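Protein sequence lines correspond, in order, to chains A and D. Here the first sequence stands for residues 19 to 392, numbered as in the working numbering. Here the second sequence stands for residues 930 to 1190, numbered as in the working numbering.
Calculated from the structure, these hints are not laboratory results. Only a predicted model underlies this, so the values are computations on that prediction, with no experimental measurement involved. It is possible that part of the hints are untrue.
[Said to hold, decoys possible] According to the in silico footprint, chain D covers these stretches of chain A (three or more CB under 8 Å from chain D):
id : region
1  : 66 to 74
2  : 85 to 95
3  : 106 to 112
4  : 145 to 156
5  : 208 to 216
Note that the Cβ used here is the ideal one computed from N, Cα and C, for glycine as well.
This is what each chain is made of:
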Amino acid sequence: MSLRRFWSGNIAVAEGALAAGVDFYAGYPITPSSEIMEHMARELPKRGGIFLQAEDEIAAIFLLIGASWADAKPMTATSGPGFSLMQEGLGIAVMTETPLVVVDVMRAGPGTGQASKAAQGDLLQARFGRHGDQIIPVFAPSSVQDCFELTVFAVNTAERLRTPVILLSDELLAHTWETVRVPEGVERVERRRPKDHEPPFGSPDPRVPPPMPRLGEGHALLVTGSTHDAWGLRQTSDPHAHRELVERLWEKIWLNREELFRYEAVGVEEAEVGIVAYGSVARSALAARKLLAGKVSVGVVVLKTLWPLPEEPIRELAARVKAILVPELSLGQLVWDVERVVAGRSPVLRFSKIGGGIPIYPEELAERVLEVAG
Amino acid sequence: MSVHPLHVFLRSEALPTAFCPGCGNGLVAGAILRALVQAGMELRKTVFVAGIGCAAWIPSPHFLADSLHVAHGRAVPTALGIKLRRPELQVIVVGGDGDIAGIGGNHLLHAARRNADLLVIMVNNLVYAMTGGQVGPTTPHGLPTSTTPYGNPEHPMDVVQVVAAAGANYAARWTTAHLPQLEKALVKALSMEGFRFVEVVSPCPARVGGRLSMAPVEALKWLRAQSKPVGQAGPDEIPVGEYIVRDRPGFLRALRGESRG
């Protein structure tokens, strides 16, 4: 049984969060993400949750860190300039293994750019915006249905792997209204609590995150953003302690990457030309494929996990096609990944469009595919 | 061998402390622990939150209690996140002047405005000590520091006054030369709701005393001689005592709608 709802992308993100058990939201107003915050401001108090509008995005992310250690499932949403401010807290969340979800509804940058216009320029910031070695899982919806489902997946991933998670939406998707099938109940993952004498920051198997203790139970917990040992004691000059911790944090995500991979591969088997895309642009790619039916066979890989990157579907596509097009609402960021993964097996062509929030239209993409197909 | 009566509250693996000889942090640590005992607070139900700087090290790693040690300036929002979700815990922020009033100044202002149910203890040693004694928001006008070698051209902020004006329920200043008064202020603050702020002016023998050729004991004497009760202090003196004592509903009650109409 499922219910049908007519939602915008932003509302679907908020509803997905509520369905997944998010009970704490702190944020700062910013276009084009504010509807998520407004929805949470309405809904959370009714459900016993906590909503707070913070004094800035830095406060918002640290409110989430504090709340997460106080047993909350926290989330915030922002856009480019606010996302930049949150990088500091995201780094601390990685180091302290604090589950939380940050939604970045991408708009045109750099700087304050074009606040209400869609873009996809934050992909590399989502991956590499922090200093130091780290991996934060990044998911990207390409439909309003995805906005709901991937938010649930993001919240559950944060809890399962004890990590911050980023959901990368964009303005076009945020303000697109579509019908969503909402299941009556969704899976809710709860973070693991320590048994006996398990250390809160160490794990014999890097694939298994350490358990997260509760405050106020006499653990005398040491939580720190500095390099620490398995019990949280700062080790700021021991090279072994640093390598052990940072490698474990990396491997915790990397060795579990297969279960993070979400993508759709459409028409890859018989494809002559390939397209790799994500977000709202992936919709244009699928529409271009339909437009070209009977003329050129197009294989589309829609990436919904952007970090770590599902490489196999891109390789499979590359093995079959004359060329791969990578359409992006940026000057080209995902294209670097595709070039690296394809590694010369087929030509990789960027298709960039920026400015004014104008989408990549299926017609122009189809036209380019025809050129490539010769 | 006799054991210090406060030793049971300390994490033995964190001892001896990293604090410099003559640092005021040990006196502040003692005052906080004694105040908790006097106020009847359970250490296991107390969470300390600290940012970056020498004073942040007072609770983390020294106190045998839950503590979060986060980014520079961000202790206050982290602490509020904890308090909102676990109101039954006593949440205390300890940090330096640069941490709390410099980089964290905006968070401090808004926590005071919200009357957030936190106790913030700001140890004011007049400079950024951990990084080498650079000028800070509370450095006295004219004081030479490593980044104002010709004397500080700026004027310091009276952080207690700012916090009182912003809406805190309690704001007071004492120095490490006034330990009984400091403890009394902390005990009082611990029994209240809303935002409570206690500044402790504290000597830094390494970064301030050294530059002024002032031995730690001289610094304590200077603090005592320099301090005057609030309202009676001259422009170059340190006002000590309570700036504000109010009984407005704290933020937690306000969120529950208990402070309306």
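Hints and how they fare:
Coverage of the region 66 to 74 of chain A by chain D holds in this model, with 5 residues showing a Cβ closer than 8 Å to a Cβ of that chain against a need of three. Under a criterion of three residues with beta carbons nearer than 8 Å to beta carbons of chain D, the stated coverage of the region 85 to 95 of chain A is upheld, 7 such residues being counted. With 4 residues carrying a beta carbon less than 8 Å from a beta carbon of chain D, the region 106 to 112 of chain A meets the three-residue requirement, and the given coverage holds. With 0 residues bearing a CB less than 8 Å from a CB of chain D, the region 145 to 156 of chain A misses the requirement of three and the coverage assertion fails.
Using a Cβ-Cβ cut-off of 8 Å, 0 residues of the region 208 to 216 of chain A lie near chain D, which falls short of the minimum of three, so the contact claim is violated.
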